[in-house]
Amino acid sequence: MPVDWVMRIISALGVGAGVVSGVMEARRKRMDLVGAVAVAFLTALGGGTLRDLLLGHTPVFWIRDENYAYLTLALTPVVFYSTRLLRLSVRSIIVPDALGLGAFTVMGVEAGLADGTSMFIASLMGVITGVFGGVLRDVICNEVPLLFKKDIYLYATCSLLGAWVYILATKLGWLHTLALPLAVAFVFILRLLAVRFNISLPEPRTPLSER
Amino acid sequence: MPVDWVMRIISALGVGAGVVSGVMEARRKRMDLVGAVAVAFLTALGGGTLRDLLLGHTPVFWIRDENYAYLTLALTPVVFYSTRLLRLSVRSIIVPDALGLGAFTVMGVEAGLADGTSMFIASLMGVITGVFGGVLRDVICNEVPLLFKKDIYLYATCSLLGAWVYILATKLGWLHTLALPLAVAFVFILRLLAVRFNISLPEPRTPLSER
Amino acid sequence: MPVDWVMRIISALGVGAGVVSGVMEARRKRMDLVGAVAVAFLTALGGGTLRDLLLGHTPVFWIRDENYAYLTLALTPVVFYSTRLLRLSVRSIIVPDALGLGAFTVMGVEAGLADGTSMFIASLMGVITGVFGGVLRDVICNEVPLLFKKDIYLYATCSLLGAWVYILATKLGWLHTLALPLAVAFVFILRLLAVRFNISLPEPRTPLSER
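Chains as they are written, first to last, in numbering that gives the first Met the number 0: chain A, 0 to 210; chain B, 0 to 210; chain C, 0 to 210.
Do not rely on the hints blindly, as some may be mistaken.
Any copy, or any two copies together, can satisfy a pair, since identical chains are not distinguished.
[What the hints assert, rightly or not] List of simulated lysine-lysine pairs, DSS-like, C-alpha gap at most 30 Å:
no., residue 1, residue 2
1, Lys28, Lys149
2, Lys148, Lys170
3, Lys170, Lys28
4, Lys149, Lys170
5, Lys28, Lys148
The set of hints was computed from the structure by calculation and includes no laboratory data. Predicted model, so just to flag it, every value in this text is computed and none were measured.
Chain A with its partners taken away, still in its complex shape (with noise of 0.2 Å):
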């Protein structure tokens, strides 16, 4: 079928995105191709993978799928020993990032839906399906993960916003063939247009004195 098809595409672009956005945090830490290989298969598939856990969906999706896996293989050594590239693919990464992060996101509710969780929960399992690679990638990399960051322009809201627009429209009877790309279509949008115009999370007013 041919919405099949394009999710396939789009979540290869997202399965993409994360290995370039893996290997350019292991080539800032000074990793070597192990690392890269590491950083990159848990950005890429790390959100999924804590997903299936936390639903019991065992063995989890890249062993019952091996595509995804190969797919991250593959690309890591190529990006990671070609520094142009690298520096290509990070300047033009936020088109296929915004895509993948609304692919993975319908794929993470519709996990949870098919389990028969409530809409509260596919609601999450769409957020940490769609965002919790980059955490783990920002883990294990040492740093404070930029995903929970002012700078990160809404990426999580995106997401779970984009999840109640799936769920909803598969409430009401829409079909899996207008509902999947209507979802993702709003993920990318409300993406760029927060990178474009650097929308953020309303702050707290006090700021926290340091002790």
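Since chain A is already given, all that's left is putting chains B and C on it; use the hints.
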């Protein structure tokens, strides 16, 4: 039953203490609301989540009983945006936190015993449930876990001893309604004494020369 | 059977090497005994735990076979409080650690193959079992994982190649009693050679300009 109701209130206090300490750490690291939610969630519910994963109790407890997730997600923005409330809570966190430590420990032990694990493994499950949320908070906030430092004053030790109080009372055939409050009270009092008198585990006598 | 006994001794050596390197890192970070126990446990048993979670082998192996946990918890205080013993162990850790790397790798591959996973996934399970404890040690101690650095001298690479030696020998119909010592010896020798001759993976030619 009254004991179950008391346990529910005590574990809600424990979740609340976890949220406050998570939000505090998030504010210190200048995170936004997304960061605060993630850190609060990990602090309050991370220990029980790890226990469930190790035992294979999936989907994990906060997917099976959504009240934990609701409470955490409802409390976090209130504490995050009200700096005054946050300061007040942090000053008085020690009492609800010590109660929560007792409740989470007992709940972890029960999860182990219910699976037919040995007393040894059940006691480890109690400690992991009681203390590991704080470890995950510090790992994700890029700090060496406070739990592993001298200044934590027997936090994990209180949990371990309380786990054994509960296990032995249960094995002696005591009623659940007796063993449970006994163990929670034991952890609570021991913890407050350790903090009051700055009690730590013995340190190695010889320092290790750094290189 | 003799081979199984040798494997037991070798994996005990591997656990011992994990405990020593975990306690060493805990001492460097001025942790107390609780920290040393947690870090030693993660270092010695963390790789196999992650493998079990990914494959869905729960409860995880050290709950099913408590001897691993007993050994880890018995060794840690001895090594932690005897600074002299710790110094001696650290100097001579390389040999038991290299043996343990081989044993853990083979055990991880076997866990994968026993589940009917592909050779590719089985080899990943071998590497995760062999090396991920050290990654978790560094993450929880707030360091960039040493495994991902040039100075680790092919640690993960030895594990990966050893995994394939074991897989191919098994697929060629070799007896378990032959394939197993061959693979462990292969990892052991390759690892000692890599350390002796400071062999690393090739680095990217162009450095990445920091911003």
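* To do: Mind listing which of the numbered hints don't hold for this structure, in increasing order?
  => Of the numbered hints given earlier, those the structure breaks are 2, 3, 4, listed in rising order.
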